[in-house]
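Undergrad: Given chain F, put chain B in place with the hints provided.
The chain contents come next:
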Amino acid sequence: MSILIDKETRVVVQGITGREGGYHAKQCMNYSKEYASGGGNVVSGVTPGKGGEIFEGTPVFNTVGQAVSETGANASLIFVPPTFAADAILEAIDAELPLVICITEGIPVKDMMYVKRYLNDKDTILIGPNCPGVITPGECKMGIMPGHIHKQGSIGVISKSGTLTYEVVSQLTEQGLGQSTCVGIGGDPIIGTMYVELLTLFEEDDDTEAIIMIGEIGGTAEPDAALWAKENITKPMVGFIAGQTAPPGRRMGHAGAIISGGEGTAQEKMKIMSESGIHVTESPAEMGLTMAKVLGV
Amino acid sequence: MNIHEYQGKELLAKFGVSVPKGGVASTPEEAAEIAKELTGKVVVKAQIHAGGRGKGGGVKLVDNVSEAKQTASEILGMNLVTHQTGPEGRLVKKVWVEEASDISRELYLGIVLDRSTGLPTIMASTEGGMDIEEVAEKFPEKLLKIPVDPLLGIWPSSARKIAYSLGLPDNLIKDGVRFITNLYKFYEEMDASLVEINPLVQTKDDRLLALDAKVNFDDNALSRHEDVKEMRDTDEEDPLEVKASSFNLNYIKLDGEVGCMVNGAGLAMATMDIIKLAGSSPANFLDVGGGASREMVENAFRILMDDQAVRAVFINVFGGILRCDILAQGVVDAVKSVNVNVPVIIRMEGTNVEEGRNILESSGLDFKVGNGMADAAQKVVEALKN
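In the order they appear, the protein sequences are chains F and B. Residues 1 to 297 in our numbering are what the first sequence spells out, letter by letter. Residues 1 to 386 in our numbering are what the second sequence spells out, letter by letter.
Any given hint could turn out to be false.
In silico DMTMM-like links for lysine to aspartate or glutamate, alpha-carbon gap of 25 Å or less [what the hints assert, rightly or not]:
#  : chain 1 : residue 1 : chain 2 : residue 2
1  : F       : Lys116    : B       : Asp325
2  : B       : Lys145    : F       : Glu268
3  : B       : Lys229    : F       : Asp87
4  : F       : Lys151    : B       : Glu188
5  : F       : Lys122    : B       : Asp149
6  : B       : Lys229    : F       : Glu105
7  : F       : Lys271    : B       : Asp325
8  : F       : Lys151    : B       : Glu257
9  : B       : Lys368    : F       : Glu174
10 : F       : Lys271    : B       : Glu137
11 : B       : Lys385    : B       : Glu188
Keep in mind that the hints were calculated from the coordinates and are not lab data.
The following block holds chain F by itself, in its conformation from the complex:
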């Protein structure tokens, strides 16, 4: 077991003929071969106008709908450039894919405002945008993370960041702690899925023993999730917030801070997380170690 993706996942890559999309589709295929004995894998690609082509042995279609009906794809991985990415997400939602992961960085906020609103009454789970993707070690890799640093196991990882997620994964692996599933939720102001939905999935997942949650300054997603987790999550949790030394007001206007009831400094967030029973570490070098201590290993 795991969350979101496993060895049954059949991935369609939107933007598979682009430079980024092609490179990472290949990497995901390699991971499937090397680490997942052919489990969760890329089964098709989509690039409008390139339908009929073959990419590394998998068929390319003009539309997501065709890719779904022809190859049984049940999850989409998006590498479409920012200007067209929202459209690609909408197409995947309309094809009724249960899971859509968007890697693209730099999508205009307004476009995501429309997408987020459209998602409201749909069953699709959107992860990202501006994220490294999702990996269930030993089963399926849907993203741009280096596969080899992961290890099968029972720690659920949720993080806003890319390389900082690799950092925490590598620290966990170093401590002998494998991961059930690692999810990069993305660092944009509007993202498809926040912490709470994923915490729920990890709580319900029998193979996840503990959860580590990595956040950063801005917004109130982490404290909101912490307060919710206090009542709803029974599994041990470890947390870290990046940006303890970040200067205030550099990335968001004052008015944004008011709406969310305060700027969302790392210190405030860590305080609320601690008070909610999450084991918070101040040092980014001790994320894995803290989890090992909490689990007594």
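TA: This is chain B only, laid out in the frame that chain F set:
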């Protein structure tokens, strides 16, 4: 991206948002020309991006054209210091000259994205003229927040609700609805990330006017607004940050002594944090991105070495897409071509890390290699002591 008040007012006027009559001037003569066209008293306002201009002496009310010219000559070229500029202040290159308004009430109107709901939200308050964070703290009941469904846009009924909550008299409700609706249209169509009208004034002759305009734009959407892109004023930004952005580097200047070069924003922040924990302070935030090339690393070194406060460089890279051997070669080449005169501490992890370490060791250059983030940060602090 930020723009000046005068640019904001000119854009808002195009969307039918009423602003006082006025114009922008770079010389006292131009200021006088504009003042000639205006009726009654005139306000001369310094154009810099920072707030608190009035208190700093950058906004003056004058009686006639010759005073307008005189005041403009005093404000233009002055180094305006406000609570937002820091002690060094900001050079004033332009003034906005406008017809003075006979104010009856000062209100507040703003539109911003509420990150927790993902919805644009209109904020309105009868307490205009003061900082809105102060209003939120002291009189939270006086701050109305109305979320807008982006798929539907703003409805007259929502705008009416806001207009009434602002206590507008009956004869101004229609104008109020138009003002609010047009402001939302501006926010939406122009991909603004923040629009703040503070104060929005009701004049004694019953008009509604945007007396000030603070507008920020979504950087990700600038490619579809060439006109807005051209409004960027790099004189308002830190020179090193301007240089870094020309290299496509994500850099923010801080006031510490350790120059940081990291791939990924989250790891870059975590790197700043660990430097602090080790007992020093970061000189900058610098994200070289996922696929840092040799050229990028070189440019990053140039930026770091331009900062006189930097006494050591800490490179922290988790190689995923970016391979450690490529990074190491980039660092070696960069140190050879850029004059790097401070200790360089490198921590690398991930893809091809062994090859990377070999390249550093055989380069003949004096790098210190950290084993993990904490060890590297410790080595940085030790290097600073020498």
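Undergrad: Against each hint, give a clear statement of whether it holds in the structure.
TA: Hint check results:
no.: 1; hint: F:Lys116 <-> B:Asp325; result: violated (40 Å)
no.: 2; hint: B:Lys145 <-> F:Glu268; result: holds (24 Å)
no.: 3; hint: B:Lys229 <-> F:Asp87; result: holds (24 Å)
no.: 4; hint: F:Lys151 <-> B:Glu188; result: violated (45 Å)
no.: 5; hint: F:Lys122 <-> B:Asp149; result: holds (16 Å)
no.: 6; hint: B:Lys229 <-> F:Glu105; result: holds (20 Å)
no.: 7; hint: F:Lys271 <-> B:Asp325; result: violated (40 Å)
no.: 8; hint: F:Lys151 <-> B:Glu257; result: violated (38 Å)
no.: 9; hint: B:Lys368 <-> F:Glu174; result: holds (23 Å)
no.: 10; hint: F:Lys271 <-> B:Glu137; result: holds (21 Å)
no.: 11; hint: B:Lys385 <-> B:Glu188; result: violated (53 Å)
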